[in-house]
Amino acid sequence: MGRTADGPELDDLALISALKSDALYAGAIGSRANSAKRHERLKLFDLGDIDIDRLHGPIGLPLGSKTPPEIALAIVVDITARRNNVELIATNERPPAVSAACPVTL
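Just so you know, we're using our numbering here: the sequence shown kicks off at 1 and counts up by one.
Incorrect hints may appear among the rest.
What the hints assert, rightly or not - Capping the alpha-carbon separation at 27 Å, the derived lysine-lysine pairs in BS3-like fashion look like this: (1) K20 / K43; (2) K43 / K66; (3) K37 / K20.
Claimed, not checked - Now the in silico label distances, taken between C-beta atoms and shown as ranges: (4) E9 / R83: 25 to 31 Å; (5) L73 / E40: 14 to 20 Å; (6) I89 / P69: 22 to 28 Å; (7) E87 / E9: 30 to 36 Å; (8) D46 / P68: 21 to 27 Å.
Simulated from the structure, these hints should not be mistaken for laboratory data.
Where a beta carbon is used, it is the ideal one built from N, C-alpha and C, also for glycine.
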């Protein structure tokens, strides 16, 4: 939607509108705790579980982002992946490093 609000109630109204539409992606920035509270508030409105389950929150990929540019990138990648039907799996496992000077797995 590209719009921000000044409180959870205004956020909820905008999200309800998005969830009732055919929008590809509806989400809100916030912590996991705030996202859980938001889901509970939305249950008070005329929304089914299917509609509420469309809500992405916290929005974006869990990259551990702290700065606005990193958060924006995490959101854009999440939206792009969903638009292209690509499932991204978060993992803390890193592939083995390979040195350009010595192409042997370290």
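Hints, verified against the model:
1. K20 / K43: The given pair, whose Cα atoms are some 13 Å apart, holds under the 27 Å limit.
2. K43 / K66: Judged against 27 Å, a Cα distance of about 30 Å means the pair is violated.
3. K37 / K20: Within the cut-off at roughly 19 Å; holds.
4. E9 / R83: 25 to 31 Å: holds (29 Å)
5. L73 / E40: 14 to 20 Å: violated (29 Å)
6. I89 / P69: 22 to 28 Å: holds (24 Å)
7. E87 / E9: 30 to 36 Å: The hint (30 to 36 Å, Cβ to Cβ) holds, given that E87 and E9 are roughly 33 Å apart.
8. D46 / P68: 21 to 27 Å: violated (35 Å)
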